[in-house]
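Q: Using the sequences plus the hints, can you model the full thing?
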Amino acid sequence: MRERRGWSQAELAQKSRLQPTAISHFETGGRSPSFDNLRRLADALNVSTDYLIGRSNEPTMAGPQTDELFRDYHKLSADDLEAMRMMKEALLKKTTENPK
Amino acid sequence: MISGLREQQILQCALETVQDNGFSALPVDPRTIAARAGIGLRSWEPDKAGISGFLMRHGDSFGIGYSTAIKNEGFINFTIAHELGHYFLDGHVDALLQNGSTIHYSQSGFVSNDVHEREADCFASELLMPAPFFKAALRQSGSGFAAIERLASLARTSIVATAIKFAKLAEDPLAVILSSGNQVEWCFLSPELKKCRGVNFLEKKSFIPSGSVSDKFIRDGKSVLAGDKLEGFSSLQTWFEKAPDVEFKEDVVGLGHYGKTLTVLFTEEALNDEDEIEEDEDSDSDLPSNRWRKRDQFRDD
Numbered sequence: 058m059r060e061r062r063g064w065s066q067a068e069l070a071q072k073s074r075l076q077p078t079a080i081s082h083f084e085t086g087g088r089s090p091s092f093d094n095l096r097r098l099a100d101a102l103n104v105s106t107d108y109l110i111g112r113s114n115e116p117t118m119a120g121p122q123t124d125e126l127f128r129d130y131h132k133l134s135a136d137d138l139e140a141m142r143m144m145k146e147a148l149l150k151k152t153t154e155n156p157k
Numbered sequence: 023m024i025s026g027l028r029e030q031q032i033l034q035c036a037l038e039t040v041q042d043n044g045f046s047a048l049p050v051d052p053r054t055i056a057a058r059a060g061i062g063l064r065s066w067e068p069d070k071a072g073i074s075g076f077l078m079r080h081g082d083s084f085g086i087g088y089s090t091a092i093k094n095e096g097f098i099n100f101t102i103a104h105e106l107g108h109y110f111l112d113g114h115v116d117a118l119l120q121n122g123s124t125i126h127y128s129q130s131g132f133v134s135n136d137v138h139e140r141e142a143d144c145f146a147s148e149l150l151m152p153a154p155f156f157k158a159a160l161r162q163s164g165s166g167f168a169a170i171e172r173l174a175s176l177a178r179t180s181i182v183a184t185a186i187k188f189a190k191l192a193e194d195p196l197a198v199i200l201s202s203g204n205q206v207e208w209c210f211l212s213p214e215l216k217k218c219r220g221v222n223f224l225e226k227k228s229f230i231p232s233g234s235v236s237d238k239f240i241r242d243g244k245s246v247l248a249g250d251k252l253e254g255f256s257s258l259q260t261w262f263e264k265a266p267d268v269e270f271k272e273d274v275v276g277l278g279h280y281g282k283t284l285t286v287l288f289t290e291e292a293l294n295d296e297d298e299i300e301e302d303e304d305s306d307s308d309l310p311s312n313r314w315r316k317r318d319q320f321r322d323d
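Residue numbers (the numbering used here), protein chains in the order written: chain A, 58 to 157; chain B, 23 to 323.
Everything labelled a hint here was simulated from the structure, so no lab data went into it. For each residue, glycine too, the CB sits at the ideal point set by N, CA and C. It is possible that some hints are incorrect.
Output of the computed footprint for chain B on chain A, the stretches with three or more beta carbons under 8 Å from beta carbons of chain B [unchecked claim]:
1) 91-97
2) 101-107
3) 145-155
A: The structure is reproduced here in structure tokens:
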């Protein structure tokens with residue numbers, strides 16, 4: 058995607074506010090990006106994070122997926138599930154209002 | 023286990039996050055950091071304690087949810103900071119995706135077997151109590167449990183999380199020990215105490231030594247639940263059999279409904295008495311030649 062834009066690693070680093078060495082590591086697989094890194098790269102490249110992580114074949118937000126990371130999974134209660142449902146709705150609304 | 027190199031990377035990532043967000047002293051507000059990263063925060067109040075928090079991604083939008091079941095500002099701050107750890111640390115995207123599902127989960131408790139949860143805990147501790155800020159505050163906070171209380175109040179962190187940081191960064195010989203009933207759950211030693219001959223980490227489930235202030239405190243079970251405090255003195259040898267017979271202050275506090283007890287062993291007196299080194303070398307040939315030898319030659323974290 059970077060090459061398709063005709064950008065050098067240094068240019069992408071500058072646009073995404075990351076170190077050029079980090080871009081190199083991500084491309085060679087020497088280091089994995091964080092969610093924060095992914096988001097910056099997606100913004101700079103004007104593609105979705107789903108596309109960058111290989112969950113979508115389309116660079117734009119065709120059908121965003123939801124991921125959850127949380128502690129104490131075994132304790133998940135009905136209240137917790139409801140809280141997660143509400144968060145998902147809020148994020149869906151935000152994504153819909155700000156499509157890429 | 024997190025390797026020493028990985029721990030340094032995590033601490034560096036947390037410190038950079040703090041500095042990028044313009045903080046230069048305690049307290050560090052994780053809500054500000056989340057807001058600046060465009061991460062929405064939502065709380066919920068369940069009828070009973072369940073999960074403490076979660077990080078959710080939907081496309082390019084992120085949100086952190088946190089439970090208010092435990093009404094403790096320090097605990098809630100740690101939960102938010104922990105979820106920020108999943109967001110800012112490299113490798114956590116892979117952890118989420120490698121499950122083949124959209125859910126990555128872990129067990130509760132301070133010591134998690136899941137390395138990514140431990141990494142997020144390490145990040146959270148440093149985010150809320152960055153070493154440079156914490157050390158500066160520590161030097162003005164006095165000693166013992168009172169210092170931990172002051173620092174927890176300043177950093178808006180829990181007593182337990184603050185006690186662990188305190189032990190790691192204290193310049194004096196000091197140990198913090200968390201016990202449940204009359205058994206040790208964990209023990210952290212300050213760098214200065216680690217150098218001391220005969221001092222080792224107390225093993226999990228080892229018994230609180232009889233004759234210690236903590237032993238006296240725990241025998242009265244009501245004190246633990248009531249959140250009482252007790253101060254006294256113990257010999258270092260009481261806790262660490264092969265350690266020198268040096269008097270340490272011992273502050274003990276019950277952590278209320280958690281049913282656990284926190285012990286702080288400390289002294290403000292220097293331990294590197296040259297006379298004692300000579301005496302020790304003469305009295306026991308099995309002991310190392312340097313009484314206060316460097317621990318990293320012999321032990322691992």
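Q: Run every hint past the structure and note whether it holds.
A: Here's how the hints hold up against the structure:
For the segment 91-97 of chain A, the stated coverage by chain B holds: 6 residues have a C-beta nearer than 8 Å to a C-beta of that chain, and at least 3 were required. Counting residues of the segment 101-107 of chain A whose beta-carbon sits less than 8 Å from any beta-carbon of chain B gives 3, enough to reach three: the coverage restraint holds. Here's how the segment 145-155 of chain A fares: 7 of its residues keep a CB closer than 8 Å to some CB of chain B, so the rule of at least three is met and the hint holds.
Comparing the model with each numbered hint stated earlier shows that all of them hold.
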